[in-house]
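Enquirer: Here's the letter readout for the chains.
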Amino acid sequence: MDFIRLFSDLYIARWAILEGVGMTLIISFVAIILGTMLGIGVALSLVYGGKFQRFLVRVFLEYVRGTPVFVLILACYYVLSQAGIQLTPFQAGLVALTVFCSSHVGENLRGALLALPKGQTEAAKAIGLTFRQTFVYVLAPQALRQALPAWINTAAELVKASTLLSVIGVVELMLTTRQIIALKPRPLEFYLLAGIIYFLICFSIERLGRRVERRISLPS
Amino acid sequence: MAIFAVAVVGNLIGLAVAFAMTSRSPALRRSASVYVTIIRNLPIFFLMLVTFFVLPQQLGIRIDKVYAFVGTLSIYAGAYLAEVYRGALIALPKGLREAGLAIGLTEGQTRIWVIIPVMVRNALPALSNNFISLFKDTSVAAAIAVPELTFYARQINNNTFRVIEVWSVCSLMYVAACYLIAAGLRYAERRLAIPH
Numbered sequence: 001m002d003f004i005r006l007f008s009d010l011y012i013a014r015w016a017i018l019e020g021v022g023m024t025l026i027i028s029f030v031a032i033i034l035g036t037m038l039g040i041g042v043a044l045s046l047v048y049g050g051k052f053q054r055f056l057v058r059v060f061l062e063y064v065r066g067t068p069v070f071v072l073i074l075a076c077y078y079v080l081s082q083a084g085i086q087l088t089p090f091q092a093g094l095v096a097l098t099v100f101c102s103s104h105v106g107e108n109l110r111g112a113l114l115a116l117p118k119g120q121t122e123a124a125k126a127i128g129l130t131f132r133q134t135f136v137y138v139l140a141p142q143a144l145r146q147a148l149p150a151w152i153n154t155a156a157e158l159v160k161a162s163t164l165l166s167v168i169g170v171v172e173l174m175l176t177t178r179q180i181i182a183l184k185p186r187p188l189e190f191y192l193l194a195g196i197i198y199f200l201i202c203f204s205i206e207r208l209g210r211r212v213e214r215r216i217s218l219p220s
Numbered sequence: 001m002a003i004f005a006v007a008v009v010g011n012l013i014g015l016a017v018a019f020a021m022t023s024r025s026p027a028l029r030r031s032a033s034v035y036v037t038i039i040r041n042l043p044i045f046f047l048m049l050v051t052f053f054v055l056p057q058q059l060g061i062r063i064d065k066v067y068a069f070v071g072t073l074s075i076y077a078g079a080y081l082a083e084v085y086r087g088a089l090i091a092l093p094k095g096l097r098e099a100g101l102a103i104g105l106t107e108g109q110t111r112i113w114v115i116i117p118v119m120v121r122n123a124l125p126a127l128s129n130n131f132i133s134l135f136k137d138t139s140v141a142a143a144i145a146v147p148e149l150t151f152y153a154r155q156i157n158n159n160t161f162r163v164i165e166v167w168s169v170c171s172l173m174y175v176a177a178c179y180l181i182a183a184g185l186r187y188a189e190r191r192l193a194i195p196h
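Note that the protein sequences, when read in sequence, are chains A and B.
Using my numbering, you'd call the opening residue of the first sequence number 1 and step up by one each time.
Using my numbering, you'd call the opening residue of the second sequence number 1 and step up by one each time.
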């Protein structure tokens, strides 16, 4: 293998690869922000909502959790355009990832809220806090603390799921790699590079999660 | 059908790697944890593309794509299952192995007849989560044209343009299958739970 040719190929492809990495990071980041907001809504309505609201959200959650991400992405891409909502691949992918993320976050937060001992709510009531105050000052901080490590895992999950967006034509790292390989037929080297980049992203997220978990674990 | 092959092979890999991760030899421990860390931090789609494109074109290894898919998913599943089994192994009381050795079983027999049955029963709840996500990961195989549910859904979608019907049926089938798997595993959990 002649290394000079390899490096010149890599050098020519540098901006394309960087753009791909940027797109992967951007879409994962936006999806986790939007998905978290939606997920908070899901968790709150599951725990505090009325009967009907709870039922609707439960159905949504079970449906999304039972469907593979890949099917979600394809369904968002095809079904939304059929329904008259014209979305670019980026937007359709974002919708799919957001929904996927919200199901994870919703389930995770619901678990954290339900795991809080009942005495917390009772104690808050006893000192005269309203429900809103109880939630904001007593329940939410503890639940978020419980849910944080799993939330960071969800971020890594999203980065991995974003590879599937290449199928509907979002030019993220995976599709960039495949496009470069179509021009410069070096599958081994470019896939290796993409693998290293994905590994570094996910590995650092995982490490961050572990550190956070150690930092915030309640002393027992 | 492929999912059963994946479950069997993946479980065997997972068990072997979990034992390697808890073994006394540092080299074995190190290499097992490198395997688990690398695979767990790579997207399954990436691994599929590598086995499908890099292996035949660059290294001259030609595998039928169904086998390639089963192999890749097994390796992927093995890493996740190894982590589950490792957790269960560590949680076992030390006396279990010692008791096995004390009644005259060899190290290997103790593993097979004493440690694995207890450990698997303890690990079942975490295992069922992994099986369900494994089942959902099979959909990725459509991207390398392995003819499974998602692949046919896309094909029907492109042929008939009955978009909404296709995707709602496809996702409902996945949801139903996940429910069945979850129910079956919960039944197994209840039947096999170790009474306290």
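Hint data in this document are derived by calculation from the structure and do not stem from the laboratory.
Please read all numbers here as calculations on a predicted model, not as lab measurements.
One or more hints might be untrue.
[Said to hold, decoys possible] Derived SDA-like pairs: lysine to any residue, alpha-carbon spacing no greater than 25 Å straight-line:
| id | chain 1 | residue 1 | chain 2 | residue 2 |
| --- | --- | --- | --- | --- |
| 1 | A | K51 | B | Y179 |
| 2 | A | K51 | A | R65 |
| 3 | A | K160 | B | I144 |
| 4 | B | K136 | A | I201 |
| 5 | B | K136 | B | R121 |
| 6 | A | K160 | B | R121 |
| 7 | A | K160 | A | A150 |
| 8 | A | K160 | A | S204 |
| 9 | B | K65 | A | V167 |
Enquirer: With reference to the structure, classify each hint as holding or not holding.
Expert: Cross-check of the supplied hints:
1. K51/A with Y179/B: holds (23 Å)
2. K51/A with R65/A: Given pair K51/A, R65/A holds - Cα atoms ~21 Å apart, limit 25 Å.
3. K160/A with I144/B: holds (17 Å)
4. K136/B with I201/A: holds (23 Å)
5. K136/B with R121/B: holds (23 Å)
6. K160/A with R121/B: Measuring from Cα to Cα gives roughly 30 Å; hence the hint is violated.
7. K160/A with A150/A: holds (15 Å)
8. K160/A with S204/A: Holds - the C-alpha atoms of S204/A and K160/A are around 13 Å apart, at most 25 Å.
9. K65/B with V167/A: holds (18 Å)
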